[in-house]
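Participant: Full structure from sequences and hints, please.
Given next are the chains, with one letter for each unit.
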Amino acid sequence: MLQYIIKRLLILPFLLFIFSIIAFILIQAPPGDFLTSYIAELATSGSSIERAQIDALRALYGLDQPLYIQYFKWIGRLLTGDLGFSLDWQKPISELIGERLALTLALGVGTFIFTWLVAIPIGILSATRQYSFFDYFFTVFNYIGVATPTFMTALVLMWIAFKYYGLSVTGLFSPEYIDAVWSWDRTVDLLKHLWLPVVILGLDGTARLARVMRANLLDELKKPYMEMARAKGMSEWSLVMKYPVRLALNPLVSTIGWYLPLIFSGSVIVATVMNLPTIGPMLLRALISQDMFLAGTIILIYMILAIIGTLISDILLAWLDPRIRMEDN
Amino acid sequence: MSEVKPLLSVEKLKTCFELDEGTVKAVDGVSFKLYPSKILGIVGESGCGKSITIKSILRILEKPGRITSGKIMFHSTKSPGKAESELVDLAQLEPHCKQIRSIRGNEIALIPQEPMAAFSPVHTIGNQITEAVLLHSSIGSSEAQQIVIKCLREVGIPNPERCMEMYSWELSGGLRQRALISMALVCEPSLLIADEPTTAIDVTTQAQILNLLRILQKDHNTAIIFITHDLGVISQLADDVVVMYLGRVMEVGPVDDIFHNPQHPYTKALLKSIPTINTVNRSWLPTIEGSIPHAFHRPKGCPFHQRCQDVIPGLCDQKTPALHPVTDHQSVSCFKIHDFVDQP
Ligand SMILES: Nc1ncnc2c1ncn2[C@@H]1O[C@H](COP(=O)(O)OP(=O)(O)OP(=O)(O)O)[C@@H](O)[C@H]1O
Ligand SMILES: [Mg+2]
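Those protein sequence lines, which keep their order, are chains A and B. Under my numbering, the first residue of the first sequence is numbered 1001, with each subsequent residue one higher. Under my numbering, the first residue of the second sequence is numbered 3, with each subsequent residue one higher.
One thing to keep in mind: the hints can contain errors.
[To be verified] The calculated lysine to aspartate or glutamate pairs, modelled on DMTMM-like cross-linking and capped at a C-alpha distance of 20 Å, are:
| # | chain 1 | residue 1 | chain 2 | residue 2 |
| --- | --- | --- | --- | --- |
| 1 | A | K1223 | B | E64 |
| 2 | B | K100 | A | D1185 |
| 3 | A | K1242 | B | D221 |
| 4 | B | K65 | A | E1236 |
| 5 | A | K1222 | B | E167 |
Calculated from the structure, these hints are not laboratory results. Bear in mind the structure is a predicted one, so any value in this text is a computation, not a measurement.
Facilitator: Written out as structure tokens, the structure is:
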């Protein structure tokens, strides 16, 4: 097991290297260098920038030098913790994304927990009571859940909350806490606002996960070990929970990996609609205004999240399934 | 013999699967008796209802299978809270009730037809066998593990302590089969049901497993129901034989009588199809003509009449013969031998 984890950890630097190159290519993708377009933009809006400042920036990013030197300059600064400067916001990137990243993570983890807590029991009950009213009800429910775009759900729920309960459910904080420093009260306020976006973002994933869980479990319920466990005299419920549920979960665990970044990117539209201070809308704005270092940093963070997610699911899978754990020995 | 009470007595058992396409009568009036510490062989072609019969006994039929009539009288000796033994009609119990669960594994154990997948691949062998012990007794888990290790050693598994920590897919076919046998026997059941336990393993290992079963059966006085296609195995192992065809019993009796003095045309045909070393022409083996009718198109009358060489037209295709004794121990269901009609 330890050996397995170490193996996975050893390829991490290599993956990070590849992904950082991809992020860098994305930064370079727009025609011309970002500084030129920035100056052009400033010129159209009437303000101007000093010659000296431009030259300083040029030297900092190595814009006159070959691409690979630009890359190493960028990565070198990243490694020392300097994420760079957003020309669009006129703020250091680390300052810009710090809290947004934390909130995005809170939202992502919350959505993930919600999805699994709701979907797995529904999947189990639907499979064990196949073709019952419960099963049909959730089959229909799941189809609706998958088919409805998330932003639609968001709009409808926001409208209901506003119309019938007088609640304004946009944002993640009440107005008085938006710019406040972190405190216990602010955390409580966050939790009060978090649940609705969690439900909205989680609905689609819940529907999908419940369907997959149901299908996996139905497969497992036909396996001969079920008959054997019954013949031992186990009660139906405890044997279902011990054997087939455990085996049906295994393939799902491997989806955690791509689930993490999916929540972040998938939340862009909902976050825009609900005015959530998360990282998705910021990426969108950065891309539109060609604030490429901000965009590149966010994309790199996505990629790192994907790597972490994959690592977590690999470890979980090995922990759950001895066949995978021992493959490497 | 006559004063010994049967351990298990199945009477006119009928089990159906009600499907949208129609009703499959998988077991259609099966009767047999099994006495304590005897071995009963059940033979018959694929699909004749052998597995469904024993699943009905254990009450582990999958949906939509259902026992529609008949009795399954079992002599229960370990029923909780009762000192004396008790005669239970298993067919009357609810499939998931406490009483049947305390009998399953504890008094009637199963070695299933598919040994390869009978263990969960993500739980250790030790975990799964210990579970069987813990289900039926109130001892602690370390004590239960000692019992399991002892039982694994008894079925001939080398280094049982290590085997406890292993997964089923790490064992060879033969060892896996032994582990399954030890899981079945660990609670010292009075009846062991083995559903084709040796079909999936090679001939040498097969012989070893059969030997093992015979030894265990002597040591523990366990009664066995042994299901197989292989008449050779039956002749070596069984005391009594049930010959099944399309969900019905064609002939039942002691193994010597069935092999040396078969009465039913189907039994005769089955015996003729066993290859022997002395078979004159090696390239030709007698087979039974025709094929088994599909379960939906069960013929009227005797189920075998379409393929029977001794068919009596106007009788065999109209009425179903009863399973009637022809000697003290042997019973046959054939109008050629007697003219008792089956009363449903
Ligand atoms: N789940 C089911 N649904 C419908 N019919 C079934 C089902 N299981 C078994 N049957 C029918 O019951 C009949 C008997 O099946 P069974 O499994 O008892 O055969 P068998 O004698 O054990 O054969 P084999 O030697 O191949 O194991 C078959 O004709 C089959 O079509
Ligand atoms: Mg079978």
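Participant: Each hint should be assessed against the structure and marked as holding or not.
Facilitator: Taking the hints in turn, this is what the structure says about them:
{"no.": "1", "hint": "A/K1223 x B/E64", "in the structure": "holds (12 Å)"}
{"no.": "2", "hint": "B/K100 x A/D1185", "in the structure": "violated (53 Å)"}
{"no.": "3", "hint": "A/K1242 x B/D221", "in the structure": "violated (34 Å)"}
{"no.": "4", "hint": "B/K65 x A/E1236", "in the structure": "holds (14 Å)"}
{"no.": "5", "hint": "A/K1222 x B/E167", "in the structure": "violated (26 Å)"}
Figure legend: structure checked against the earlier numbered hints; hints not met, in rising order: 2, 3 and 5.
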